[in-house]
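Using the sequences plus the hints, can you model the full thing?
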Amino acid sequence: MAVDSAMPSPLGPPACEKDAKALQFIEETTRNADAVQERVLAEILSRNAETEYLKRFKLHGATERDTFKSLIPMITYEDLQPEIQRIANGDRSPILSAHPISEFLTSSGTSAGERKLMPTIQEELDRRQLLYSLLMPVMNLYVPGLDKGKGLYFLFVKAESKTPGGLLARPVLTSYYKSDHFKTRPYDPYNVQTSPNEAILCADSFQSMYSQMLCGLIERHQVLRLGAVFASGLLRAIRFLQLNWTQLAHDIRTGTLNQKITDPGIKDCVTRILKPQPELADFVAKECSKDNWEGIITRIWPNTKYLDVIVTGAMAQYIPTLDHYSGGLPLACTMYASSECYFGLNLNPMCKPSEVSYTIMPNMAYFEFLPHEPNSAWSTRGSAPKLVELVDVEVGKEYELVITTYAGLYRYRVGDILRVTGFHNSAPQFHFVRRKNVLLSIDSDKTDEAELQKAMENASEILRNFNTSVVEYTSYADTKTIPGHYVIYWELLVKDPANSPSQEVLNRCCLAMEESLNSVYRQGRVADNSIGPLEIRVVKNGTFEELMDYAISRGASINQYKVPRCVNFTPIMELLDSRVVSAHFSPGLPRWTPERRR
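Position 508, counted from 1, in the sequence shown is what numbering that gives the first Met the number 0 calls 507; the numbers after and before it change by one each time, with no gaps.
Bear in mind the hints are in silico, worked out from the structure with no lab data behind them. Check before you lean on any hint, since a few could be wrong.
In silico PhoX-like pairs for lysine-lysine, Cα to Cα no more than 20 Å straight-line [unchecked claim]: (1) Lys453 - Lys561; (2) Lys147 - Lys304; (3) Lys274 - Lys304; (4) Lys54 - Lys68; (5) Lys57 - Lys68; (6) Lys435 - Lys453; (7) Lys385 - Lys68; (8) Lys435 - Lys115; (9) Lys157 - Lys177; (10) Lys182 - Lys266; (11) Lys396 - Lys385; (12) Lys259 - Lys274; (13) Lys539 - Lys494; (14) Lys161 - Lys115; (15) Lys115 - Lys157; (16) Lys177 - Lys161; (17) Lys435 - Lys396; (18) Lys266 - Lys304; (19) Lys17 - Lys147.
Each pair of labels, with its calculated beta carbon distance range [stated by the list, open to error]: (20) Glu51 - Asn457: 36 to 42 Å; (21) Thr420 - Gly294: 28 to 34 Å; (22) Lys435 - Glu503: 35 to 41 Å; (23) Val470 - Val191: 35 to 41 Å; (24) Pro263 - Lys20: 36 to 42 Å; (25) Glu278 - Gln452: 54 to 60 Å; (26) Pro72 - Arg184: 55 to 61 Å.
We treat Cβ as the ideally placed atom computed from N, Cα and C, and that holds for glycine.
Right, here's the structure in full:
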């Protein structure tokens, strides 16, 4: 449905009265973005005036922006770690927030390989729920009739642990799915899902995926949209169907549930809708037994209007595969959020993935923007550049996001690089460029150059016994396999050909690298099955010199040339792959447990 500026709401005609209120809220909040930001900061500072952190910087209860900016430094997670560790160990005094820290939300790994612990408070669930409540009213402007069917969303909870002080530590979506906000959400005809809560909340990933897929197949004609959080998650669901369609079809044919499904809650709710349907079973078997799976999504779920998945940032690498399986269905990116804070939403969710821009909602937190200068030597402890207010960013410029939250993060650098694409009223719209310093990513994992280098060094230790060393290396995230996996290209110097490392030794090197990577990566390998075994491809001697020659032929300076630690440019990939002499895979799983290292 086209958006007409002459319609009652500037965004378009609402589908129902509830939508009208949501669209009006978006308009009012974005129209008064600066005033909302001023109020949000004053609320955060006044309620947390007596916290240890704010008192340390002698704010003395001040709530105005200028005083805040002159006294409170910009920080990274490492700066805040001592305070977070005290809270994790059981200190309940008001260190960062006057409101009690209710739990920790786990984010991507630190340089030490552990997940970051982001403190949160109970009322943050209300703020997250508010942003969720705005998504369907916007989508209904573009896709009519979503109240006439259901969504097949593959949603999962992940492992959680407790800190020494007894607070839960878990991913933000696990926290949300286990909350009453999700479990007892009111009925909304525009947001009905095929997956029962019991299936989503089952910690066993096989039972959860199996039952969600089974329900989606049974109700295939009612499915109007398919989704997962990340594009990689939806592709894992398609791969799961490829591997398990025979048993799924058997269950549908006989009206009996796979004996591997032992969770009582799942068994109870699935058996209520499961009855013998031989025609449906024949259809599933016929479609899934074909060699060509192109367009499988629309073949099995013919009424699907769009896919609801994140395909910005590192997830953009999955777009061609999604297009293959869906026959080119629209890809909707609806919201922008992280463990630290929920930020905003896409007011044009049916746009092309390359054109996705998120409108920051100024009521979610206090936002500042650090002009992004990639070659700047400034550090957080040096003289800080001037941060820009939300309403003062400039179109076309890139910024790093800095947030101050109700839960007690003050001028915290999130690490996201954003480019301003325009404004909705006075609220800016941003294109997500990338995570700062991230080299490799398959799912929710984020591996930076320092971490990859450390993994390389640990794996190289194994080669010493064979008088062999790694001359040069690079990497890329291979998303053509499902699940995707890390590929590392090695050029080796073998000093004693009679004692060169064997296939088994190089396989061990793969596992040694995986053991060195962060806990988010290892959980993806061990518990979530979202990442495949790491692969090392050994290339011929002289390959990296050829790589340099190629770069110089394209204009690179011979004096400043550095081997890229990650590659994704097709001609370079083709050059590397044409020089591969052997390929090796991790022979087992790296060590991982839900418990944090003490």
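Hints, verified against the model:
1. Between lysine 453 and lysine 561 the alpha-carbon distance is near 18 Å, which keeps this suggested pair within the 20 Å criterion.
2. Pair hint lysine 147 plus lysine 304 holds up; C-alpha atoms about 12 Å apart against a cutoff of 20 Å.
3. Under the criterion of a C-alpha separation no larger than 20 Å, the hint pairing lysine 274 with lysine 304 is inconsistent with the structure, at around 27 Å.
4. A C-alpha spacing of about 15 Å is found between lysine 54 and lysine 68, which places the hinted pair at or below 20 Å, so the restraint holds.
5. With a C-alpha separation of about 12 Å, the suggested pairing of lysine 57 with lysine 68 holds against the 20 Å cut-off.
6. At roughly 19 Å between alpha-carbon atoms, lysine 435 and lysine 453 fall within 20 Å of each other, so this suggested pair holds.
7. With a CA separation close to 9 Å, the supplied pair lysine 385 and lysine 68 stays within the 20 Å bound.
8. Annotation: proposed proximity of lysine 435 to lysine 115 holds, straight-line Cα distance about 15 Å (limit 20 Å).
9. For the hint pairing lysine 157 with lysine 177, the CA-to-CA distance comes to about 11 Å; that is within 20 Å, so the pair holds.
10. A C-alpha spacing of about 18 Å is found between lysine 182 and lysine 266, which places the hinted pair at or below 20 Å, so the restraint holds.
11. For the proposed pair lysine 396 and lysine 385, the alpha carbon gap of about 15 Å is at most 20 Å, so the pair holds.
12. Restraint check for lysine 259 and lysine 274: satisfied, since their Cα atoms lie roughly 18 Å apart, inside the 20 Å limit.
13. A threshold of 20 Å between alpha carbons decides the hint, and for lysine 539 with lysine 494 the separation of about 15 Å falls inside it, so the pair holds.
14. Straight-line distance between C-alpha atoms of lysine 161 and lysine 115 comes to about 14 Å, which keeps the hinted pair within the 20 Å bound.
15. Restraint check for lysine 115 and lysine 157: the C-alpha separation of about 15 Å stays at or below 20 Å, so the hint holds.
16. Restraint check: the Cα-Cα separation between lysine 177 and lysine 161 comes to about 15 Å, which is no more than 20 Å; the hinted pair holds.
17. Annotation: proposed proximity of lysine 435 to lysine 396 holds, straight-line Cα distance about 16 Å (limit 20 Å).
18. Restraint check for lysine 266 and lysine 304: not satisfied, since their Cα atoms lie roughly 30 Å apart, outside the 20 Å limit.
19. About 17 Å separates the Cα atoms of lysine 17 and lysine 147, which keeps this hinted pair within 20 Å; it holds.
20. Range check, glutamate 51 to asparagine 457: Cβ separation about 39 Å, and the 36 to 42 Å hint holds.
21. Here the CB-CB span from threonine 420 to glycine 294 is close to 32 Å, well matched to the stated 28 to 34 Å.
22. The beta-carbon spacing between lysine 435 and glutamate 503, approximately 38 Å, falls within the hinted interval of 35 to 41 Å.
23. Between valine 470 and valine 191, the C-beta spacing of about 57 Å breaks the proposed range 35 to 41 Å.
24. Range check, proline 263 to lysine 20: about 39 Å between beta-carbon atoms, so the 36 to 42 Å window is met.
25. The hinted range of 54 to 60 Å is satisfied by glutamate 278 and glutamine 452, whose Cβ atoms lie roughly 57 Å apart.
26. Proline 72 and arginine 184 have their C-beta atoms about 40 Å apart, which leaves the hinted 55 to 61 Å range violated.
Going down the numbered hints, you'll see the structure goes against 3, 18, 23, 26, while the others check out.
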